[in-house]
Amino acid sequence: MKYLVKIKDQEYNLHVTGFLETAENGNRQTIDLVPLDANRFSALIGTKSYVFEIYQQNGEKFLVYKNHTFPLVVEDERDRLVSHMKQVNRETQTFADIKAPMPGLVSKILVTEGGVVQKGQTILVLEAMKMENDVKAPIAGEVSRILVTEKQNVEKNSILMRIG
Amino acid sequence: MKYLVKIKDQEYNLHVTGFLETAENGNRQTIDLVPLDANRFSALIGTKSYVFEIYQQNGEKFLVYKNHTFPLVVEDERDRLVSHMKQVNRETQTFADIKAPMPGLVSKILVTEGGVVQKGQTILVLEAMKMENDVKAPIAGEVSRILVTEKQNVEKNSILMRIG
Amino acid sequence: MKRIKKVLVANRGEIAVRIIRTCKDLGIQTVAVFSETDRKSLHVRMADEAVSLNGVKSSETYLVIDKIIAAAKLTGADAIHPGYGFLSENALFAEAVEAAGIIFIGPSADSIRKMGDKTTARKLLKGSKVPLAPGTEDSIEDLTEAKRLAAEIGYPVLIKASAGGGGKGMRIVHDPADFEKSMHASQNEARNAFGDSRVYIEKYLENPRHIEFQILADQHGNTVHLFERECSIQRRHQKVIEEAPSSVLTPEMRQKMGEAAIEVAKIGTYYGAGTVEFLVDKHRNFYFLEMNTRLQVEHPVTELITGLDLVREQIRIAEGETLGFEQKDLKINGHAVECRVYAEDPMNNFLPDTGMVHLHRVPTGPGVRVDSGIVDGMEVSVHFDPMISKLVTWDRDRNGAIARMCRALEEYTLSGVQTTLPFCQFVMKHPVFQSGNFDTHFIQNYFKPEHIEIDDPETIQNLAIGGLNAIHWFIREEKSEPSLSGNGAEKQGSLNLWKVRRK
Amino acid sequence: MKRIKKVLVANRGEIAVRIIRTCKDLGIQTVAVFSETDRKSLHVRMADEAVSLNGVKSSETYLVIDKIIAAAKLTGADAIHPGYGFLSENALFAEAVEAAGIIFIGPSADSIRKMGDKTTARKLLKGSKVPLAPGTEDSIEDLTEAKRLAAEIGYPVLIKASAGGGGKGMRIVHDPADFEKSMHASQNEARNAFGDSRVYIEKYLENPRHIEFQILADQHGNTVHLFERECSIQRRHQKVIEEAPSSVLTPEMRQKMGEAAIEVAKIGTYYGAGTVEFLVDKHRNFYFLEMNTRLQVEHPVTELITGLDLVREQIRIAEGETLGFEQKDLKINGHAVECRVYAEDPMNNFLPDTGMVHLHRVPTGPGVRVDSGIVDGMEVSVHFDPMISKLVTWDRDRNGAIARMCRALEEYTLSGVQTTLPFCQFVMKHPVFQSGNFDTHFIQNYFKPEHIEIDDPETIQNLAIGGLNAIHWFIREEKSEPSLSGNGAEKQGSLNLWKVRRK
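Residue numbers (my numbering), protein chains in the order written: chain A, 1 to 164; chain B, 1001 to 1164; chain C, 2001 to 2503; chain D, 3001 to 3503.
Hints should not be assumed to be uniformly reliable.
Just some of the chain B residues that point at chain C, by a computed CB distance under 10 Å [claimed, not checked]:
1) D1032
2) V1034
3) P1035
4) L1036
5) S1042
6) L1044
7) G1046
8) K1048
Treat the hints as calculated values from the structure; they're not laboratory data. Treat the numbers as computed from the prediction; the structure is a model and nothing was measured. For glycine and all other residues, C-beta sits at the position ideal for the given N, C-alpha and C.
Extracted from the complex, chain A is given alone in its bound form (with noise of 0.2 Å):
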């Protein structure tokens, strides 16, 4: 699988051609990879050795290698596809369906049907992995249907509301 991955101003090409094994430019390299504790890893690149920290928040990934912390952006060539789709569609995408991004209990809803929200306002509060994660808005538009009340607890990928 073919992957874009950003880091640090830099990119990179590189190419998951099998089981921990990466190329770049045709160059391949095995890894070895070993998890560690707490989202961290053990890496032998070569003969180079790192110890990271990989870690999700707010849909962002971060690595965190040496106490510096280092946003990651990791596309493969689908992601690649579906932003570039976006980015064509943005002015004529009308509404959203919004899911639930991981199984939990909706903690707060902060709309109302009728109500009009900006994009990338959180619009719900869902609590899963005892944290509360904020839901928000993808577009902006009237919220149309609320499909579910406070308090209850939903499946991952089932429909919270729609907004447009």
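With chain A's structure known, arrange chains B, C and D on it following the hints.
Just chains B, C and D now, kept in the frame of chain A:
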């Protein structure tokens, strides 16, 4: 619920009277117990502060305090009744269904149908939680049925075989 | 002489843990007190006994004299150690403790009153051989009068809280136009931090170094100093890096300043451990700044170069023992550096960060000491100071101590909140810091967030490759085990990309 | 003089980590090598580079000279540090390293041959002023001849491996009837441990103390000793607790023994760090026992009382530098104690334990140093030595160092395997150990497993109450969350009584 707790040759008749409230000989005491990591707890009993670990190995419980390991036996009224009944029935017990103590993968079956086993003999190895767990014969007798095969996944409490 | 048998530690975090450690060394029983958010804290776990203060904020807990004394009575503690911050420089607390028949491990209430209050101290020192920087004698409330005095002293001036320490309530004013705003801000901060809004004004020295002397005095009139600490690396007027000895003091200057520090203590009829802070200007003139009538955050650097345990000395003094040594018995052995590890984001103007500390693995090995009150699974909350720990290194010389600090900082693993660790690494590797020739403006003069970035191309590329493969690992794990849920909880060290972090 | 830029550490565990730390202090790049079971080990994580040795057992990995040299060539390492054990006292290895154009951080192959082999060393020292205990000059293979010599020396005798150290292959024989069995056992153990079954016989001294001197010598003929280490607390002839200085040596004896140690080094034309071991009998006569031509496990106690970093000194010496100090510059500063933490069950005859270390939290604070190669989630396997870490404390005097050790032992948390931690606590609190008046039989004379039990009735009762409530907590968690499975994996620090531990 009433319990008999045995630790270091001492026996205590303890009465769990409520959420983190325990009585001994009528003396109620509130316990402030919080879980830490890796099966450790911090307990404040009166003003005294204790940090200890609880773990179970081969069906026996242990408490670790200041790097000392104490075997811990906790019996509730039912257990005592059962253990009393067991003693009464021991001579007359003619068969036993062996149940999976936890969900897992049957990694080895060490007996065959029709074979005779001794009490305490390991009859099956159940791989669960990344460990191999020995399942032992609770009584001596002939293996009358084996209901599982090697590499089979089993649910908790599913019957694995019958002895007698 | 009364031997102390049980000490209640009226504090939290690393200093509570540090005091408990010495009590254990001395065979003294320990009592922790705690706010509800600190129930799982290390000081509660380590103490022999622990008593809840039933509340969350410091104003409901660690600052409530009655609750602390009640806890001491409940547990039969015969002494109270106040640590630093909270009630440590509160004369009323020292009095209330003594009135309850409990030993206060610290100076007398009288000394706290005299020396803890900066304006009182300055008045007392006037006429002594201790040099004072120009400034107001009394704390000042009236804005017009304050402005007049500031003009008289000459800009730039410093507005400081009378009651406080640690840079709280401190403002530098360069321009008379900013004076009013700064004074209000200072008063507000002082009120919030110390419950006392009084401020005073003094001359602001340019390019100053902050150098302080540790003193120890027993109740029988013996006073020594334990040499200096260099504390010039500060952000927001708060120390972040300290060392001992200072690289600018000559033996002659050390002797003069040490004698002045002892003089300050004697004028304050001081006993216990205390610190006399000086500013040293670019001409190597030194001026009395203030006295801290308690243990300092940065006391470990002094411990490492003298081999003394300052908490042990405090306890022995409180018991009425005499110091077991004289000034001539004390020698500086090697060099020590301390980095304070704060939950602050150095990339973002040192904004305090909060959250769960997932993983806290401290460095060790030759010449490394860590004083910390945090462990895996604890929250860094908004209620208390964002200092996580103190990392201290020692070696036979300054270069060695700095090299060990670089190694220890790299080895230090803390996950869950942003910390000042990379910033400390930046300072240690900076040629100006390494030269020893810097002042309190080091950070504003030399630090930019981009300076602490890692940008070796091979490293960045390998992190991209490693990061991608790690994400692949998560995806693979998730796909191959759709019902990972079944025994997910049982997996030792099991990982999940999607679980982590929130603010 | 050639500056070393990249060091390959041909070892594992705590000593590999410890060497890497000093290399980092010196700005030297590091290369780790590892057996497959050590992939997650700390030394692999901490080194800048790491190379797999493709194998599991030490005979396939850390003992294979060619693999190590290949790894050094692959990574461009210009020096190899052998640590202790494995190839550290193998002259062929030292030669092979030098032949490959790589610096061996240790003595010359010639010195290893001369001094590393006990019988050769004894021959060389004969006629010098270094006192030798009666024993065979040559290693011995023939049983009948060995028995004759044993009778001549006089029982009890000691059978020891020529090649080895660390008590491996050592047997005391009190009764001639046991001689044959003991000799075979010793030969077998020596073969397994060192690939060399040769043994020799010497007089067994009764009530001896094991006292060794650290020496440092440069390649220019300068040799100093760094005082003694007391290593008399042993089980199975292996050291478990060491300290410096020894409580029995007078300054005169220290000087005499130190001079003898330097003499041994000079006769061996020795350079690098080395240790000369002596036995001291109850009349305070001392006898040369053997020389260890490498860094010792217990070197940190010497580092703490001298302020030197022995690995740094080794590297500087290997680079061809001269020692920067003379004997008269060296002073003993305070007292240091080391406890080796083994995965062994002291309640069960120190039987080695293996398993997963769930939790490893090391003590810190004033006067504490931990050298460890283990972290959470690592296995203590059957393939290697069961030493987990070394806990070292320092204070201005012996009582202080012991008190800090008691505190640090209590603070030390290791979950998953049985350890010698409670045993070390027993020793520290024992009046005979505290008196300083003990010999190598301390454990057999004073230790019984029941001595280390906790039996304060209040504690036991409260553990019963706490334990019961903790079990209740597990049951409640399980019942109230039947589908805990759903996000079980996501729970930080989630607990499960039923998951843990197996052998």
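Taking the earlier hints as the rules, which of them does this structure contradict? No numbers; nothing is violated.
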